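Go by the hints and put chain V onto chain R.
There are 2 protein chains.
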Amino acid sequence: MEKYISLAHGDGGELSHRLIKDVFIEAFGDGNAALFDAAMITMTTHRIAVTTDSFVIKPIFFPGGSIGKLAVAGTVNDLAVSGANPAFLTCGFVIEEGFPISDLKRIVTDMADEAKKSGVTIVAGDTKVVERSSADGVFINTTGIGIYENTSGCSLEFEEGDAIIVSGTIGDHGIAVLAARGGLGITVPITSDCASLNKMLAEVFRSTDGVRIMRDPTRGGLATTLVEIAEDFHLTMKINEIDLPIREEVHGVCDILGFDPLYLANEGKAIIVVADREKEKVIDILREFPEGIDAVVIGSIIGKGKGQLLLETPLGSKRLLTRLSGTMFPRIC
Amino acid sequence: MEKYISLAHGDGGELSHRLIKDVFIEAFGDGNAALFDAAMITMTTHRIAVTTDSFVIKPIFFPGGSIGKLAVAGTVNDLAVSGANPAFLTCGFVIEEGFPISDLKRIVTDMADEAKKSGVTIVAGDTKVVERSSADGVFINTTGIGIYENTSGCSLEFEEGDAIIVSGTIGDHGIAVLAARGGLGITVPITSDCASLNKMLAEVFRSTDGVRIMRDPTRGGLATTLVEIAEDFHLTMKINEIDLPIREEVHGVCDILGFDPLYLANEGKAIIVVADREKEKVIDILREFPEGIDAVVIGSIIGKGKGQLLLETPLGSKRLLTRLSGTMFPRIC
Numbered sequence: 001m002e003k004y005i006s007l008a009h010g011d012g013g014e015l016s017h018r019l020i021k022d023v024f025i026e027a028f029g030d031g032n033a034a035l036f037d038a039a040m041i042t043m044t045t046h047r048i049a050v051t052t053d054s055f056v057i058k059p060i061f062f063p064g065g066s067i068g069k070l071a072v073a074g075t076v077n078d079l080a081v082s083g084a085n086p087a088f089l090t091c092g093f094v095i096e097e098g099f100p101i102s103d104l105k106r107i108v109t110d111m112a113d114e115a116k117k118s119g120v121t122i123v124a125g126d127t128k129v130v131e132r133s134s135a136d137g138v139f140i141n142t143t144g145i146g147i148y149e150n151t152s153g154c155s156l157e158f159e160e161g162d163a164i165i166v167s168g169t170i171g172d173h174g175i176a177v178l179a180a181r182g183g184l185g186i187t188v189p190i191t192s193d194c195a196s197l198n199k200m201l202a203e204v205f206r207s208t209d210g211v212r213i214m215r216d217p218t219r220g221g222l223a224t225t226l227v228e229i230a231e232d233f234h235l236t237m238k239i240n241e242i243d244l245p246i247r248e249e250v251h252g253v254c255d256i257l258g259f260d261p262l263y264l265a266n267e268g269k270a271i272i273v274v275a276d277r278e279k280e281k282v283i284d285i286l287r288e289f290p291e292g293i294d295a296v297v298i299g300s301i302i303g304k305g306k307g308q309l310l311l312e313t314p315l316g317s318k319r320l321l322t323r324l325s326g327t328m329f330p331r332i333c
Numbered sequence: 001m002e003k004y005i006s007l008a009h010g011d012g013g014e015l016s017h018r019l020i021k022d023v024f025i026e027a028f029g030d031g032n033a034a035l036f037d038a039a040m041i042t043m044t045t046h047r048i049a050v051t052t053d054s055f056v057i058k059p060i061f062f063p064g065g066s067i068g069k070l071a072v073a074g075t076v077n078d079l080a081v082s083g084a085n086p087a088f089l090t091c092g093f094v095i096e097e098g099f100p101i102s103d104l105k106r107i108v109t110d111m112a113d114e115a116k117k118s119g120v121t122i123v124a125g126d127t128k129v130v131e132r133s134s135a136d137g138v139f140i141n142t143t144g145i146g147i148y149e150n151t152s153g154c155s156l157e158f159e160e161g162d163a164i165i166v167s168g169t170i171g172d173h174g175i176a177v178l179a180a181r182g183g184l185g186i187t188v189p190i191t192s193d194c195a196s197l198n199k200m201l202a203e204v205f206r207s208t209d210g211v212r213i214m215r216d217p218t219r220g221g222l223a224t225t226l227v228e229i230a231e232d233f234h235l236t237m238k239i240n241e242i243d244l245p246i247r248e249e250v251h252g253v254c255d256i257l258g259f260d261p262l263y264l265a266n267e268g269k270a271i272i273v274v275a276d277r278e279k280e281k282v283i284d285i286l287r288e289f290p291e292g293i294d295a296v297v298i299g300s301i302i303g304k305g306k307g308q309l310l311l312e313t314p315l316g317s318k319r320l321l322t323r324l325s326g327t328m329f330p331r332i333c
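If you read the sequences in order, they're chains R and V. 1 is the number of the first residue of the first sequence in the numbering used here; add one for each residue after it. 1 is the number of the first residue of the second sequence in the numbering used here; add one for each residue after it.
One chain only, chain R, in its complex shape (with noise of 0.2 angstroms):
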């Protein structure tokens, strides 16, 4: 087989054929005949979760994963925050000419991986090639088909009250990449905490008919999202300075570069707006995995009305919050 890739591995032709029969075959397996086709799904109910997300992430592997794991594991996120079971996929490639084919190999078995891994099925795909220099590398599409099984979902209905739970340690994907890129000039041992939460967070849903949202704070960071929530839903929401999980060296970077972890991306993570009885309970069903050990409760809505997030500090004082405003850094996800 050919070491790159040609634009003649995108016109769907004979090379084209091959492509997908060895790479993307040879990983995903030929269960299903119509891998690079319409694909014909059988549903178990009528009420489905769908989602698409464009990967442009630089470098293409990172500490904690690569464009593969986070093409899969950002997609079964937006589906699992919403209280769906994630359960089909299709991947769409746009691929530069000249992009190494060992690279792509690499790239699509660990999308076969973090898919086994988190009980998706990839159903569809489609590859394109364009010439040299009218891409970087390779970009990827993947769109997610989730199914509501017997859970209740997000009540999208709050009370002065509810807790604020984020699942894990902030900033971790946002730094791990920065380092990667070699831009940082220093060296940071942190890893990116790219992962499917499905699992986890149908273990919340199943345990409890008290949760209110859920999102995952990725591009943007935590605040944007919390904005965004507390916008979209007239709500005061306060989250405490001392209490946000940031680990150590995260803290140590935005310090000397001047990032704020509230706006650094996040690829496995998930906030949680939870009725204030239950905050213990989903506490400690997260700290059950491994990807939501750090999980603390970091905050509470405090009011209703108005859109706002604020953050009190350790001395009391309260902060204004707004979205991420100006690019912190492009390419993150």
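Everything labelled a hint here was simulated from the structure, so no lab data went into it. Because the structure is a prediction, the values reported are computed rather than measured. Careful: at least some of the hints might be erroneous.
Since the list can't tell identical chains apart, any single copy or any two copies may satisfy a pair.
As the list claims (entries may be wrong) - Computed cross-link-like contacts, SDA-like style, restricted to lysine to any residue with a CA-CA straight-line distance of at most 25 angstroms:
id, residue 1, residue 2
1, 58, 329
2, 306, 25
3, 306, 20
4, 21, 234
5, 58, 97
6, 116, 47
7, 199, 291
8, 238, 326
9, 199, 238
10, 58, 7
11, 58, 96
12, 306, 7
13, 21, 119
14, 199, 41
15, 3, 325
16, 199, 245
17, 58, 131
18, 306, 18
19, 3, 326
20, 117, 136
21, 306, 154
22, 306, 208
23, 21, 232
24, 21, 306
25, 304, 209
26, 58, 136
27, 105, 325
Below, chain V alone, put in the same frame as chain R:
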């Protein structure tokens, strides 16, 4: 609003929020609050079809369409040929920094128009921005979900004598796009056939249980798609050169520049293999639609066991056709 896409439009913060509101929700409507997150869908059946396609066409605007129209019609057609009723679409954008927002609006409007025309709902989306020169303008992934209703669909059971029908002239899209690139050195009055075929094809499925298979001959053209069918189902297929519907202008360009219309891309055509007894009925139905006015029988299945596609010339000699081998033209869709 800004005139050009900046990296901050892709970082998930304030500018991303405004781009979604001002461009995407403006065109697609805000009926679905989860437009840019996981969408919840209630299905009317348990059997669905799923397909995904990335579009990297160059130029993004061409006679007869745009990357936006194509991204909807292409995925709609992939579902329609499988016998499913296209119902839901997701869209994922990768946009180059500096891309004009006016062009993005035009593309998104084309998507909304084509979605309306074909009766599909856009339920989820995503936007990423990459640095200048890390992508060429805009790439769009669409993933489609179709519903199988009360039609028998494709039987995939073939018999000797089955007729091969093409729903209209071949090669129009390929030539129109090449001409739009300005690379042919000649002006050609050809418009792309880019169109959603779902209503026409649904009528065919409703009227007969004799459809063996339907496919849309896009990248790789009519010949590559037929070779795939022949190989996948171990059929000897024969098509007659004299019966191929090819516009005079397309013939002309192919003669001058040495292209083979059998390998040129189509974006509004279907190949239908149907029981011989049903072929007139199917042709009659196709011709009731503007997109099927030039539908004809071009050949038949003449044997089983081997996967072969033969082209019979007007003089009676037979030529074995293979898949497209080596790129004719990159980025045709």
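Comparing the hints with the structure gives:
| no. | hint | result |
| --- | --- | --- |
| 1 | 58 - 329 | within (10 angstroms within a copy, 29 angstroms between copies) |
| 2 | 306 - 25 | between (51 angstroms within a copy, 23 angstroms between copies) |
| 3 | 306 - 20 | between (52 angstroms within a copy, 22 angstroms between copies) |
| 4 | 21 - 234 | between (51 angstroms within a copy, 18 angstroms between copies) |
| 5 | 58 - 97 | both (17 angstroms within a copy, 15 angstroms between copies) |
| 6 | 116 - 47 | both (23 angstroms within a copy, 23 angstroms between copies) |
| 7 | 199 - 291 | within (10 angstroms within a copy, 48 angstroms between copies) |
| 8 | 238 - 326 | within (23 angstroms within a copy, 60 angstroms between copies) |
| 9 | 199 - 238 | neither (28 angstroms within a copy, 52 angstroms between copies) |
| 10 | 58 - 7 | both (22 angstroms within a copy, 14 angstroms between copies) |
| 11 | 58 - 96 | both (14 angstroms within a copy, 15 angstroms between copies) |
| 12 | 306 - 7 | neither (53 angstroms within a copy, 30 angstroms between copies) |
| 13 | 21 - 119 | within (23 angstroms within a copy, 34 angstroms between copies) |
| 14 | 199 - 41 | both (22 angstroms within a copy, 22 angstroms between copies) |
| 15 | 3 - 325 | between (42 angstroms within a copy, 18 angstroms between copies) |
| 16 | 199 - 245 | within (22 angstroms within a copy, 54 angstroms between copies) |
| 17 | 58 - 131 | both (19 angstroms within a copy, 11 angstroms between copies) |
| 18 | 306 - 18 | between (57 angstroms within a copy, 19 angstroms between copies) |
| 19 | 3 - 326 | between (40 angstroms within a copy, 16 angstroms between copies) |
| 20 | 117 - 136 | neither (28 angstroms within a copy, 35 angstroms between copies) |
| 21 | 306 - 154 | within (21 angstroms within a copy, 55 angstroms between copies) |
| 22 | 306 - 208 | neither (28 angstroms within a copy, 59 angstroms between copies) |
| 23 | 21 - 232 | between (45 angstroms within a copy, 13 angstroms between copies) |
| 24 | 21 - 306 | between (55 angstroms within a copy, 20 angstroms between copies) |
| 25 | 304 - 209 | within (21 angstroms within a copy, 59 angstroms between copies) |
| 26 | 58 - 136 | both (9 angstroms within a copy, 17 angstroms between copies) |
| 27 | 105 - 325 | between (37 angstroms within a copy, 23 angstroms between copies) |
Against the hints set out earlier in the document, violations occur for numbers 9, 12, 20 and 22.
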